[in-house]
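Chain by chain, the residues:
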Amino acid sequence: MTTDLGFWTLQALNALQLSMLLFLLSVGLTVIFGLMHFVNLAHGALYALGAYFAASFAAIWGYWAAFLLAPVAVAGVGVLLYSGFIQRMRKSGPMAQVLVTFGLIFVLLDLTRIVWGDLPLAIEVPAMLGGRLAFLGVEYPTYRLFIIVLGLVVLAGLAFVLGRTQIGAMIRAGVDNDEMAACLGINVERLFFCVFCVGCALAGLAGAVAAPLLSVSPDMGLQILIPTLIVIVIGGLGSLKGAVAGSLIYGFVQTFGAVLAPQLSSVLIYALLAAVLVIKPVGLFPAKG
Amino acid sequence: MKTTTLAAIGLATTIATTATAEDIKIGLLLPYSGVYAALGNEIDAGFALGLEQFGGETDATFEIVREDTEVKPPVALGKAKKLILQENVDVIAGIVSSGVLGAVRDMVHGAGVPLIVSNAGNDEATGADCSPFITRMSFSNGQVNRPMGTWMYEQGVRKVYTLAPDYAAGRQMIEAFEATFTAAGGEIVGQDFTPFQKTQDFGPYLTQAKSSGADAVYVFYAGGEAISFVKQYDSFGLKAELPLYGSGFLTSSLYVNAQGPAAEGVIAASHYVPTIENDANVVFVDGFTAKIGRAPSEFAVQGYDAARALIEATKAGATDRASLAAALRQVTFDGPRGTLSIDPATNNIVQPIYVYETVAGADGLTQKVLAQLPSEADPANGCVMDPVSN
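Residue numbers (our numbering), protein chains in the order written: chain A, 527 to 815; chain B, 8 to 397.
It should be emphasised that the hints constitute simulated quantities derived from the structure, not laboratory data. Be aware that one or more of the hints could be misleading.
[Unchecked claim] Taking CB as the label site, the calculated pair distances span: (1) Ala538(A) - Pro381(B): 46 to 52 Å; (2) Gly683(A) - Gln198(B): 41 to 47 Å; (3) Ala367(B) - Asp702(A): 57 to 63 Å; (4) Ala297(B) - Ile640(A): 23 to 29 Å; (5) Leu678(A) - Leu380(B): 49 to 55 Å; (6) Gly163(B) - Glu665(A): 24 to 30 Å; (7) Ala585(A) - Ile299(B): 19 to 25 Å; (8) Val687(A) - Thr296(B): 26 to 32 Å; (9) Ala369(B) - Val598(A): 34 to 40 Å.
Backbone N, C-alpha and C define an ideal beta-carbon position, used for all residues, glycine too.
Chain B on its own, in the form it takes in the complex (with noise of 0.2 Å):
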């Protein structure tokens, strides 16, 4: 009895997917729990509201089913494969730990499912472990550090000293930002890499910058650690003389305000801030705030162009998981972040960079974008691909 209720159910549902072909069911794999659920909620909200303020544009509708990744790649793992086997879906998006993302690259890339990546930075993934069916909407983690280099070194800062915490992510962005400052003339006067969330007190490190000689210091921290290290930065005086510089997620909008005044004046670059201004940034930014009641992140951002991204594919024609890959890799549009288009040799973003200062506004703090740098198309970085195929 219960077998044929279930096959009934089952026939029951592959007519139904047979008969609206423009049905996407999409699978999205966060961390809705763990150390990075914070980012998984804020992409979620993101993806839920470009597919509201977008999905007319399209005939396709939508289902979503959500998995927790729990920030654990066995885990992730186990989720993507009830994702693409059971649920059976067209399109995986979100994935927000490069380690999680390492870990399912095998799975999708060789069951052929679309992943639109909306967070994980690994270099690699867009690298010599590209996939024709990896997309990342996000960023690469050398992508938002690189122009940094040239840039700091145009304003006239010579010696640098860095810190990061001692991961694959910080070791890329870091790399990224000395190859260009020390390109341009610049000297890494003194570098070093913390345990990774191990580190809460940063002090013996900020001692060792201050009596570097160095003119600045240049870091990547995101997260818990990005609010202590900027605090204790700033109770230790340095800001003053010795300017603090680094990758956007330091003083990301999501916790900007947790950091309080020692957050002002810290200039960073990143890919997206809620004060970019164009016009579609102020659409993104008014319904964020309409839904969640405060401006969005860099995270929201990479969520809701997801779903944009997404979106434009099935404006495209595509319908299935093969043609959703194809169509996803030729994606371009003008977003909140400027224009975007997807790298054809890497299937990662293309987009510029923001350089942008904290500064204390009416309420609250704010950023103050200093400079767009223009986009840079990552190096293929051993990617080999076949081209898209029509």
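Chain A extracted, bound-state conformation (with noise of 0.2 Å):
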């Protein structure tokens, strides 16, 4: 073990950058799930979906153009589920969502596997943001400080938008008591489609960003949807809070378990969920008291 400041710092930033990874899935997880009560398993599959499609617009059109359409295309296949699949699911329980949801994931990485093969994709980091930045004595790669930007300044829309506009205060109604919205106005149904969409171009934008960091494999999206849901419980359903508070806990334990303890690394963040489910049921910070 190293008593090096520069070592720790930038295990910090490791954690911060996985950090922010798994709050752009996780948060539109969460709301899709405290507004409307759907559990929607194949969010991991749209982030997949997303790095898919990211690389096969940046193969065209070069990485920034990846980078807007990704999330575009992915919150498209959205609409497409909503109005398939999820829209006549909404009031036939959690269980058949489950299930459904869970199959559509099968389905989602077998059409990934037929049109972009077998064999994993790469797409490379942007001229833009190749090579490393020094600061804090130490030198890290510029990709990973953008991913960090990049979560905080969605972390940021998505807090004024939830707490200062007048459709954040509809949304939080909405999650609060639909019923009651809908009696005061609200055409919650249509507000549901969008908080998916939104949902939905997030994991796309979360695989766009995802892309150039990791390998895209088609089941890259399994991968991410157990972290993603642990993130979840950890936090709480439905909250802004307890996806901040849920990824950066995941992201820290992850990291610096890793390090410390690597042969607990991967039992401690089960460990630990297991402890919040016992302590705190609802999670750290639910959106309903």
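Could you fit the two chains together into a complex? Lean on the hints.
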């Protein structure tokens, strides 16, 4: 173990970068759940789809076009899913919803395999964000800093929309009590639809920013799903604050677990999850009291 | 009525089989879906090409039945049973994952069906769990990494940090490297085993390796993990100060282009790279490129040589399960990988190992062979088998 401060700074940055990636994914999932009481297990598959769209678009128009278009394309897939399945499943209870979205994971997984093939793809980090930045006495890959900054920007944007705008007030009202919100003249269904699409777009965005960092493979959606669900359960369902707290806890426990207790690193986060479930079953910052 | 028809068909099949005694029915047991689907397809393509190029050398004719293992041991066991009992195959080839090999091992051993392993590298399969019916034409985990310890020490590397996924293959690969590297006088200054197929971000481990005071890093990663690892290694700027060495799968020609410039300068040891210079390899690479449109990988050559081994066995007069199993144990030929033979003590392949560097070529990345390390048979490692009987 090292006493070098730079080492710990680097690891903290690693943790923060992982947290922000998870935040992009979990915030969409958590708000969809909070608002619609809908468990969308296919969220991870949408993330994988975002990465694949990004890989295809990047090959044609370069990274920045992919960065902008992949979330739009995934939101488009979200529209199809919403009108095809989710709208019909709204009243059919959590078990049916879990089964349908669980099935969707495998359908989407095989679709990506058929369309893009079995070999993992990769996209290059854009030239502007290549290389490393030196600060605080350490050198850190610029692209990873970009992910951290992007996560913070999205966080600030969502916090502003949810907390300070009328649409945010409507969403919060819907999360608190959707029947009452409907009685007050809010078109809750349309609100659900919009939130669902934004959630899908964020999953697509997460996929697009993860693609240059990781390899794009069909099973990446399954790999990210469990961490995302852990984030949501720890943080508490339906709240922005919960998604932030859950992501940070996961990122730091995972990263420092790998450094300080490598033998325990895969167990630590599950132990924490179990502890949260025992002590505070609703999560740390649930949307409803 | 239905029963009669079926019985008639059954009878006809039996007659047909006895009429052409040299019709060999092959069960190809490979993952065509799941995480290793790309490898399954690559081996399948190599196997088909092998039959096509060498099929004319023997009087036997071949029929292939394909079954998908889905990389799930219970599924694979069911498919192996189907191939053996229902399809009544003469020989099984394939198997990518060592977990799947472990699951079907007792079944093929008990049924006395020859199995040509075309990937799964578990050392135990040709060690304590060896069988006179199981012949491995691919590699063993130890075999690929063992020569690298001595070679790296000779190149002046003294302190190494190792990384690999935390599962049997990862541990066997690193242990084999570690044994020869420390025996030569080198030192392992740090070691991490990352959660298998759950690690996407290697940042924490790379930061750890950087501060360990090592001269170099030696790793085993494959597939998607290899792509992420090599790219992240480069993005942290480690390549310049801490050269990256590894087991050949790290920068396999199958996916090195997805790694891009990040893979340049990585030095790895493998039993095959498409740039090996010999006549057999030229024939292989040309044939494969003409069919598939890109250069073959080590996985393709494993399928290709499995088909070739089968053909050699039939040339020696083998016609049924028992004679094929015996003949496969004595196969030897010059292939794209150089001179190959089967070690009769373990039924594992004996082959040279190539140290190669990934370099930028005219069209994309290519492999520059730095050294050819001599063939060495694996230690028997607990394998007790009857000698080949003719």
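Exercise. Lying within 26 to 32 Å: is that true of the beta-carbon distance Val687(A) to Thr296(B)?
Worked result: 54 Å, violated
For this session: Go ahead and decide if the range 41 to 47 Å is satisfied by the Cβ distance of Gly683(A) to Gln198(B).
Result: 43 Å, holds
Exercise. Do the Cβ positions of Ala297(B) and Ile640(A) conform to the proposed distance bound of 23 to 29 Å?
Worked result: The hinted range 23 to 29 Å holds for Ala297(B) and Ile640(A), with Cβ atoms some 25 Å apart.
Problem set entry | Range hint 34 to 40 Å (beta carbons of Ala369(B) and Val598(A)) holds or violated | Once the Cβ atoms are compared, 38 Å apart, the range 34 to 40 Å for Val598(A) and Ala369(B) holds.
Problem set entry | Supplied distance hint 24 to 30 Å, evaluated on CB atoms of Gly163(B) and Glu665(A) | 26 Å, holds
Exercise. If you check the beta carbons of Ala367(B) and Asp702(A), does the distance land in 57 to 63 Å?
Worked result: 59 Å, holds
For this session: Could you say whether the range 46 to 52 Å given as a hint is met by the Cβ separation of Ala538(A) and Pro381(B)?
Result: For Pro381(B) against Ala538(A), whose Cβ atoms are near 48 Å apart, the range 46 to 52 Å holds.
For this session: Indicate whether the distance between the beta carbons of Leu678(A) and Leu380(B) respects the range 49 to 55 Å.
Result: Holds, since Leu678(A) and Leu380(B) (Cβ atoms, about 51 Å apart) stay within the stated range.
Exercise. Does the Cβ-Cβ separation between Ala585(A) and Ile299(B) fall within 19 to 25 Å?
Worked result: 20 Å, holds
Figure legend: structure checked against the earlier numbered hints; the only hint not met is number 8.
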